[in-house]
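> What follows is the residue order along each chain.
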Amino acid sequence: MKQTNNHIGKLFLGSALLLLLLALCFGLLASLTYLFPDFLKDSFNFTTLRPLHVSMAMFWILLGASGCVYSGIQYLNKTPVSEKLAYLQWILWIIAISGILFSYFTKNFGGREYWEFKPVWALPIALAWILFLINFFTAFKKIGEWPVYIWMWMTGILFFLFTFIENYLWIFPYFRSHFITDMTIQWKVNGSLVGAWNQLLYGTAFFLMDKITNTQNTGKSKLAFLMYFLGLFNLMFNWGHHIYTLPTAPFIKYLGYIVSMTEWVFFVKIIYSWKSTVQSFQKHYHYFPYRFLMAADFWVFINMGQAILMSIPAINIYTHGTHITVAHAMGTTIGINSMILFAACFEFLNFPKDKSAIRFPNGLFWLLQLSLLVFWLSLNLAGIQKGIWQLNSPQSSFAVMMDSLRPYFTLFFISGLGLAFALGGLAVILMWQTWKKASP
Amino acid sequence: MKIRPRLLFALLSLLFLAYSLCIYLAPVMNTVHLGGHKTAEGRLIWQKYNCQSCHQLYGLGGYLGPDLTNILSSPGKDEKLVRAMIYSGTRQMPSFNMPEDELNLLIEFLKSTDASGISDPRQFKATNYGMIEAYETN
Chain A
1 MKQTNNHIGK LFLGSALLLL LLALCFGLLA SLTYLFPDFL KDSFNFTTLR
51 PLHVSMAMFW ILLGASGCVY SGIQYLNKTP VSEKLAYLQW ILWIIAISGI
101 LFSYFTKNFG GREYWEFKPV WALPIALAWI LFLINFFTAF KKIGEWPVYI
151 WMWMTGILFF LFTFIENYLW IFPYFRSHFI TDMTIQWKVN GSLVGAWNQL
201 LYGTAFFLMD KITNTQNTGK SKLAFLMYFL GLFNLMFNWG HHIYTLPTAP
251 FIKYLGYIVS MTEWVFFVKI IYSWKSTVQS FQKHYHYFPY RFLMAADFWV
301 FINMGQAILM SIPAINIYTH GTHITVAHAM GTTIGINSMI LFAACFEFLN
351 FPKDKSAIRF PNGLFWLLQL SLLVFWLSLN LAGIQKGIWQ LNSPQSSFAV
401 MMDSLRPYFT LFFISGLGLA FALGGLAVIL MWQTWKKASP
Chain B
441 MKIRPRLLFA LLSLLFLAYS LCIYLAPVMN TVHLGGHKTA EGRLIWQKYN
491 CQSCHQLYGL GGYLGPDLTN ILSSPGKDEK LVRAMIYSGT RQMPSFNMPE
541 DELNLLIEFL KSTDASGISD PRQFKATNYG MIEAYETN
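One line per chain: the protein sequences are A and B, in this order. Numbered by our numbering, the letters in the first sequence go through residues 1 to 440 in order. Numbered by our numbering, the letters in the second sequence go through residues 441 to 578 in order.
So here's chain A without its partners, still in its complex pose (with noise of 0.2 Å):
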C-alpha cells in the first residue's frame, strides 16, 4: 500500500462539504417555520426549504461516500481509476446539483419525497453513477479475493444504481395508477437506498480500521463478511417495517419485521473488537478519524435500539408518523453517517496532527455530539406527544397539538444551532486546511 496525491477524492470530499454548509442553512431556516409558522409563508415557505435541506443533506452523503471510495482506490491503488471519468461523473453532478437548487427556488418541483425535483435532472445523477462504476470496476476486477470494504462498496454502487432508477418507475403510469403498490415501491426504494449508502460509509469505516491499525484484521475477518451479508439482506428485504399501515400484501410486511430484527448487531460487535486492538499510539496519530470513529459507534448503540424497536408493528404503530421516525433519520444521518464522513474527511484530507490545530476542532467535535444528543431527545419527546395524541379519542385539533409541541421545538431549534455551528465549523476547518494546502 501507499500514498498517492488522491486529488480525485479530495474533489469528491470538499464538495461534500460544501453541499453539507447548505444543508445546515437551509436546515436552520426550515426550522424556523416549526417556531414561527408564517415566516417566509408566501415566498420562501417549508414546502422550498424542506427540500433544499434535505436534498443538499442527501448530496453531502453520496458525494462523501463517492469521495471516500475514490480515496480508497487511490490508497490502495492496484489500477489507477480514470481521471477523465472521474472529472466527468464530478461535473455531471454539479451540473445535477444546480439544476435541483434552481429547479427549488422557482417551486419547479415534480418528484416525490426526497427526490421532489423533475426526473429530468435524474439522467446526470444517474449518468454519474454509471462513470462510478465503470471507474470502481476497472479498479477493482484483476484483484482476486476482495476484502469486506470494496465488496460493501461494490455492493452500495450497485445497489444504489438499481434503486435510484426503480425510484423512477413512477413516471410509467402502470405504476402511478396503482395508488398502493406505488406507495408499496416508493417505500422499497427509500429503503434500499438507505442501505445502499449505508454499505458505501459502512465499507469505509472498515477500510479506515485496517488503514489506522495498518493491518486487514477487520477487512478479511470471517465476522466482518457474516455483518456485510446481514446488511446486504437487510437492504434487499427489511423495507417493509415503513409500511406496516399501509394496506399492501401481508407477506412483505413480515418479511419486512422478521428481517429487520436482525439487523446492526454485527457491524456494533465487530467495531467494539476493533477499538481493543488499536494501539495508544494509532489513536494519538489519527485522533480524529478514530474520536469520530468511536463517536459512530456510540450513535450507532443509540439508533439501533430505536430502530430495533421501531421495527416492531405493535410498537412502530405508536411512532409511526411521529418526530420519532424524525428523531430516528436524524440520529443516523447525522449520528452515524456523517461521523463517518468527518473521520474519512480528516483522514483523507491529512488534517495537520500538531496539538495546536486539534484544539478548536476538539471543542467542536464535542458540541457536535451534546447538540446531536438534545437535538435527539427533543424530536423524541415531540414524537412521544405527538404519539399520545394520535391515539387519543377524542382527538383534539391538529393545530392546538402542534401548539403544544412548541417547548420541544424551541429546544430543537437550539441544539440545532448548535449542531450547525459544530458541522459547519468543522466543514470550514477542513476546506481551509485542504484549501491551504493545495495552494502554492
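Any given hint could be a false lead.
Unchecked claim - Restraint-style ranges between C-beta atoms, simulated for each label pair:
| no. | chain 1 | residue 1 | chain 2 | residue 2 | range |
| --- | --- | --- | --- | --- | --- |
| 1 | B | H477 | A | N108 | 21 to 27 Å |
| 2 | B | T567 | A | E83 | 27 to 33 Å |
| 3 | B | T567 | A | F105 | 44 to 50 Å |
| 4 | B | T567 | A | L373 | 34 to 40 Å |
| 5 | B | A450 | A | G305 | 31 to 37 Å |
| 6 | B | H477 | A | P80 | 27 to 33 Å |
| 7 | A | E83 | B | H477 | 37 to 43 Å |
| 8 | B | T530 | A | I130 | 43 to 49 Å |
| 9 | B | E540 | A | P407 | 38 to 44 Å |
| 10 | A | I308 | B | T530 | 35 to 41 Å |
| 11 | B | S514 | A | F105 | 32 to 38 Å |
| 12 | A | W435 | B | A450 | 15 to 21 Å |
| 13 | A | D354 | B | Y569 | 41 to 47 Å |
| 14 | A | P407 | B | S514 | 27 to 33 Å |
As the list claims (entries may be wrong) - Listed next, the in silico DSBU-like pairs over lysine-lysine satisfying Cα-Cα at most 30 Å (straight line):
| no. | chain 1 | residue 1 | chain 2 | residue 2 |
| --- | --- | --- | --- | --- |
| 15 | B | K442 | A | K41 |
| 16 | A | K141 | A | K41 |
| 17 | A | K355 | A | K220 |
| 18 | A | K141 | A | K220 |
| 19 | A | K41 | B | K565 |
| 20 | A | K118 | B | K478 |
| 21 | B | K488 | A | K222 |
| 22 | A | K141 | B | K520 |
| 23 | A | K107 | B | K442 |
| 24 | A | K107 | B | K520 |
| 25 | A | K353 | A | K222 |
| 26 | A | K142 | B | K442 |
| 27 | B | K551 | A | K84 |
| 28 | B | K442 | B | K488 |
| 29 | A | K84 | A | K107 |
| 30 | A | K142 | A | K220 |
| 31 | A | K222 | A | K142 |
| 32 | A | K41 | A | K84 |
| 33 | B | K488 | B | K478 |
| 34 | A | K41 | A | K107 |
| 35 | B | K517 | A | K220 |
| 36 | B | K565 | B | K488 |
| 37 | A | K107 | B | K478 |
| 38 | B | K517 | B | K551 |
| 39 | A | K41 | B | K551 |
| 40 | A | K437 | A | K353 |
Since the hints were derived computationally from the structure, they do not count as laboratory data. Just so you know, even glycine gets a beta-carbon here, dropped at the ideal spot from N, CA and C.
Chain B: place on chain A using the hints.
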C-alpha cells in the same frame, strides 16, 4: 466453514430480483383495482405542488400538516372544505392558486387514497406476534 462471497451475493441478488418482480406485478394479480388514469394524474399534481413536504399519506411524508389519507371522509370534513383550504390557505399553509382542472385531479387522487384503506392508528390492533392489523369495518 468457508464463506463464498460471489455465490452468496449472486443467490441473494436473484432472490431480490424475484421479490422485486413480484411487487411490480401485484396490480396484475390483484382483483381490486383502485385508481386509474385520474388517480395517476392527480398524483402528479400532489407532486407538482410538493404537498408531501408537509402532509402524510399512511403516516409517510412531512410533519408540519395533518395526514390526508382519509381527509375526505373524516368527521366534519369534506371535498368543499378541502377545496376552500387549498385556495385560501391556513395559518401555516400558503394559498395555492391552482387551476380548476388541477384541483379536480388532486381531489380525485385524494378520493382514491381514501378508498384504499384506513391510516388512523386507532383503527389498528396488535396480534399475538406483535404484528398489527386493521379492525374489520362493517
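> Please go over all the hints and tell whether each is borne out by the structure.
How the hints compare with the structure:
no.: 1; hint: B:H477 <-> A:N108: 21 to 27 Å; verdict: 24 Å, holds
no.: 2; hint: B:T567 <-> A:E83: 27 to 33 Å; verdict: 57 Å, violated
no.: 3; hint: B:T567 <-> A:F105: 44 to 50 Å; verdict: 48 Å, holds
no.: 4; hint: B:T567 <-> A:L373: 34 to 40 Å; verdict: 35 Å, holds
no.: 5; hint: B:A450 <-> A:G305: 31 to 37 Å; verdict: 34 Å, holds
no.: 6; hint: B:H477 <-> A:P80: 27 to 33 Å; verdict: 53 Å, violated
no.: 7; hint: A:E83 <-> B:H477: 37 to 43 Å; verdict: 49 Å, violated
no.: 8; hint: B:T530 <-> A:I130: 43 to 49 Å; verdict: 44 Å, holds
no.: 9; hint: B:E540 <-> A:P407: 38 to 44 Å; verdict: 42 Å, holds
no.: 10; hint: A:I308 <-> B:T530: 35 to 41 Å; verdict: 38 Å, holds
no.: 11; hint: B:S514 <-> A:F105: 32 to 38 Å; verdict: 35 Å, holds
no.: 12; hint: A:W435 <-> B:A450: 15 to 21 Å; verdict: 45 Å, violated
no.: 13; hint: A:D354 <-> B:Y569: 41 to 47 Å; verdict: 58 Å, violated
no.: 14; hint: A:P407 <-> B:S514: 27 to 33 Å; verdict: 28 Å, holds
no.: 15; hint: B:K442 <-> A:K41; verdict: 60 Å, violated
no.: 16; hint: A:K141 <-> A:K41; verdict: 53 Å, violated
no.: 17; hint: A:K355 <-> A:K220; verdict: 34 Å, violated
no.: 18; hint: A:K141 <-> A:K220; verdict: 18 Å, holds
no.: 19; hint: A:K41 <-> B:K565; verdict: 39 Å, violated
no.: 20; hint: A:K118 <-> B:K478; verdict: 20 Å, holds
no.: 21; hint: B:K488 <-> A:K222; verdict: 49 Å, violated
no.: 22; hint: A:K141 <-> B:K520; verdict: 62 Å, violated
no.: 23; hint: A:K107 <-> B:K442; verdict: 55 Å, violated
no.: 24; hint: A:K107 <-> B:K520; verdict: 26 Å, holds
no.: 25; hint: A:K353 <-> A:K222; verdict: 34 Å, violated
no.: 26; hint: A:K142 <-> B:K442; verdict: 22 Å, holds
no.: 27; hint: B:K551 <-> A:K84; verdict: 51 Å, violated
no.: 28; hint: B:K442 <-> B:K488; verdict: 52 Å, violated
no.: 29; hint: A:K84 <-> A:K107; verdict: 34 Å, violated
no.: 30; hint: A:K142 <-> A:K220; verdict: 17 Å, holds
no.: 31; hint: A:K222 <-> A:K142; verdict: 22 Å, holds
no.: 32; hint: A:K41 <-> A:K84; verdict: 45 Å, violated
no.: 33; hint: B:K488 <-> B:K478; verdict: 15 Å, holds
no.: 34; hint: A:K41 <-> A:K107; verdict: 13 Å, holds
no.: 35; hint: B:K517 <-> A:K220; verdict: 61 Å, violated
no.: 36; hint: B:K565 <-> B:K488; verdict: 35 Å, violated
no.: 37; hint: A:K107 <-> B:K478; verdict: 24 Å, holds
no.: 38; hint: B:K517 <-> B:K551; verdict: 13 Å, holds
no.: 39; hint: A:K41 <-> B:K551; verdict: 28 Å, holds
no.: 40; hint: A:K437 <-> A:K353; verdict: 14 Å, holds
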